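Sequence order for the protein chains is A and B. Read in order, the letters of the first sequence are residues 1 to 275 in UniProt numbering. Read in order, the letters of the second sequence are residues 1 to 275 in UniProt numbering.
Just so you know, these hints were derived from the structure itself, not from any lab. Computed from a predicted model, the values in this text were never measured in an experiment. Among the clues, some could well be false.
Treat identical chains as interchangeable: a pair holds within one or across any two.
What the hints assert, rightly or not - Subject to a maximum C-alpha distance of 27 Å in a straight line, what follows is the list of computed DSSO-like cross-link-like pairs (lysine-lysine):
#: 1; residue 1: Lys249; residue 2: Lys212
#: 2; residue 1: Lys39; residue 2: Lys127
#: 3; residue 1: Lys39; residue 2: Lys169
#: 4; residue 1: Lys127; residue 2: Lys99
#: 5; residue 1: Lys268; residue 2: Lys169
#: 6; residue 1: Lys39; residue 2: Lys99
#: 7; residue 1: Lys3; residue 2: Lys20
#: 8; residue 1: Lys19; residue 2: Lys39
#: 9; residue 1: Lys244; residue 2: Lys99
Protein chains: 2
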Amino acid sequence: MQKIAIQGVRGAFHEAAAKKYAGESIQLVECMTFRDLCKSLKSGQSDMAVMAIENTIAGSLSQNYGLINEYQLSIVGEVYLRIQMQLLALPGVELSAIKFIYSHPVALNQCNFFLDGLSGVQVYESKDTAESARMIREGNLTDTAAIAGETAAQLYSLDILKGNIETNKENYTRFLVLTNQSNQSVEGDKASISFELGHQPGTLADILTVFKKNRINLTNIQSMPLVGKPYEYRFHADLTWESKVDFEKAMESAGEFANSIILLGIYKRSNFNFQ
Amino acid sequence: MQKIAIQGVRGAFHEAAAKKYAGESIQLVECMTFRDLCKSLKSGQSDMAVMAIENTIAGSLSQNYGLINEYQLSIVGEVYLRIQMQLLALPGVELSAIKFIYSHPVALNQCNFFLDGLSGVQVYESKDTAESARMIREGNLTDTAAIAGETAAQLYSLDILKGNIETNKENYTRFLVLTNQSNQSVEGDKASISFELGHQPGTLADILTVFKKNRINLTNIQSMPLVGKPYEYRFHADLTWESKVDFEKAMESAGEFANSIILLGIYKRSNFNFQ
Numbered sequence: 001m002q003k004i005a006i007q008g009v010r011g012a013f014h015e016a017a018a019k020k021y022a023g024e025s026i027q028l029v030e031c032m033t034f035r036d037l038c039k040s041l042k043s044g045q046s047d048m049a050v051m052a053i054e055n056t057i058a059g060s061l062s063q064n065y066g067l068i069n070e071y072q073l074s075i076v077g078e079v080y081l082r083i084q085m086q087l088l089a090l091p092g093v094e095l096s097a098i099k100f101i102y103s104h105p106v107a108l109n110q111c112n113f114f115l116d117g118l119s120g121v122q123v124y125e126s127k128d129t130a131e132s133a134r135m136i137r138e139g140n141l142t143d144t145a146a147i148a149g150e151t152a153a154q155l156y157s158l159d160i161l162k163g164n165i166e167t168n169k170e171n172y173t174r175f176l177v178l179t180n181q182s183n184q185s186v187e188g189d190k191a192s193i194s195f196e197l198g199h200q201p202g203t204l205a206d207i208l209t210v211f212k213k214n215r216i217n218l219t220n221i222q223s224m225p226l227v228g229k230p231y232e233y234r235f236h237a238d239l240t241w242e243s244k245v246d247f248e249k250a251m252e253s254a255g256e257f258a259n260s261i262i263l264l265g266i267y268k269r270s271n272f273n274f275q
Numbered sequence: 001m002q003k004i005a006i007q008g009v010r011g012a013f014h015e016a017a018a019k020k021y022a023g024e025s026i027q028l029v030e031c032m033t034f035r036d037l038c039k040s041l042k043s044g045q046s047d048m049a050v051m052a053i054e055n056t057i058a059g060s061l062s063q064n065y066g067l068i069n070e071y072q073l074s075i076v077g078e079v080y081l082r083i084q085m086q087l088l089a090l091p092g093v094e095l096s097a098i099k100f101i102y103s104h105p106v107a108l109n110q111c112n113f114f115l116d117g118l119s120g121v122q123v124y125e126s127k128d129t130a131e132s133a134r135m136i137r138e139g140n141l142t143d144t145a146a147i148a149g150e151t152a153a154q155l156y157s158l159d160i161l162k163g164n165i166e167t168n169k170e171n172y173t174r175f176l177v178l179t180n181q182s183n184q185s186v187e188g189d190k191a192s193i194s195f196e197l198g199h200q201p202g203t204l205a206d207i208l209t210v211f212k213k214n215r216i217n218l219t220n221i222q223s224m225p226l227v228g229k230p231y232e233y234r235f236h237a238d239l240t241w242e243s244k245v246d247f248e249k250a251m252e253s254a255g256e257f258a259n260s261i262i263l264l265g266i267y268k269r270s271n272f273n274f275q
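Full structure from sequences and hints, please.
So this is what it looks like as structure tokens:
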């Protein structure tokens, strides 16, 4: 059975993303931090890893690109997961009995409209959505609710007190699928690259013009300051194309403008698919 | 006395950034989340706010650009703070007695080289660097250390058991200084802007070429997916210039390519200044 590393515990959104990509018959390796997830893959403890990389509300988890570089991992796929937030409580508990709500800060932020409408309830940040659900079950807490996904409700036998309380219904998280093997030759229509530019003004415009001329579309770009090199930057970009020859030509030309350019992986693009 | 909102509690890096910008004679308004920080400014509870926006290790806190947009705040300045991490414990406690270390996940990540060299110590994530220091003082914990800044050591009378344990010595955090007043006419040499582009390939290349032609330098760029509009993007960018006339011309031309373009503030650029 495939061993897939996820960040966080069973019942969290990373589990749902892993199953969407690889099916139900997988063995999960729970990793407490994103660094641990990379280590698990590098050491052979897991065959594959699923790592959140951007969210419509919280933005980019740009530090994760740094980890992929540092551990020399390859991106082999992506998963988009619609994020729906549920207010979970012990069966039989009513909304009027709830005095405390726990969840991860990003999840709380995604439900701010619902939370602003409550009165007499104290909201607390926790480390994980699923952890908050587990705490209610294990502590038998009848005055506390958690904000988490449906997977957590099933895992800890909690009821959905109020469903789909996320403010924005088109809320999604994009996950990358990683392996420890090189992945440069696979047929695909999307790539993630990383490149460094010096302080010379306008170099980024030059590189993006190369992509434009070769009909390459940019779906994501993030600049990151370079540690130890003030005023120099590393950029992370995701590219899509209709013809792979265009991509290969663009990469060749782009190399002239960048101090270094790394291909993190070529893979098949996925889509939002909000049914 | 000026009331300045900070994220987190007294003793955290936000306090040090606020004092570097506005001096020692300020009144701090502690805000638990970045959203609370914006609310505090909007409601007039505070006159100014200091908000972390990027870090050499953790990358960009891109969700904060979204909050600045949402609450229609203005950027009036920036502060770069060198981040040095200290291992703090009760006076008299030796390193060999430490069984547990607590700190914020980002701070732990910044000290991973030091932590990997320890054995027999369990590392736990907490909500805040200064909170971890306070917990040790209040609980009188003689087997526990916290990773935090020097301000926290002073505030909670803890000793520095091991100094400057951050892996990268050129580690800094950039903070934005915000107000609730409009700030479009001030003389400055740096601006933060936000713009939306449709799905048409190459538009970003066109806009960056406009900046290049007008001698505008780009010091930061982040793309963010637009909530409710799959395949459309909002970009955040920071720009610097030698002549403000160049900037004004560039903004006029850039407007032709973007669906909308917002000026978040013009301010005097700061620098890393690692003494």
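Hint check results:
no. : hint            : result
1   : Lys249 x Lys212 : both (12 Å within a copy, 24 Å between copies)
2   : Lys39 x Lys127  : both (21 Å within a copy, 24 Å between copies)
3   : Lys39 x Lys169  : between (35 Å within a copy, 24 Å between copies)
4   : Lys127 x Lys99  : both (19 Å within a copy, 21 Å between copies)
5   : Lys268 x Lys169 : within (26 Å within a copy, 39 Å between copies)
6   : Lys39 x Lys99   : between (40 Å within a copy, 23 Å between copies)
7   : Lys3 x Lys20    : within (15 Å within a copy, 49 Å between copies)
8   : Lys19 x Lys39   : within (21 Å within a copy, 39 Å between copies)
9   : Lys244 x Lys99  : neither (56 Å within a copy, 54 Å between copies)
Violation of the numbered hints given earlier is confined to hint 9; every other hint is satisfied by the structure.
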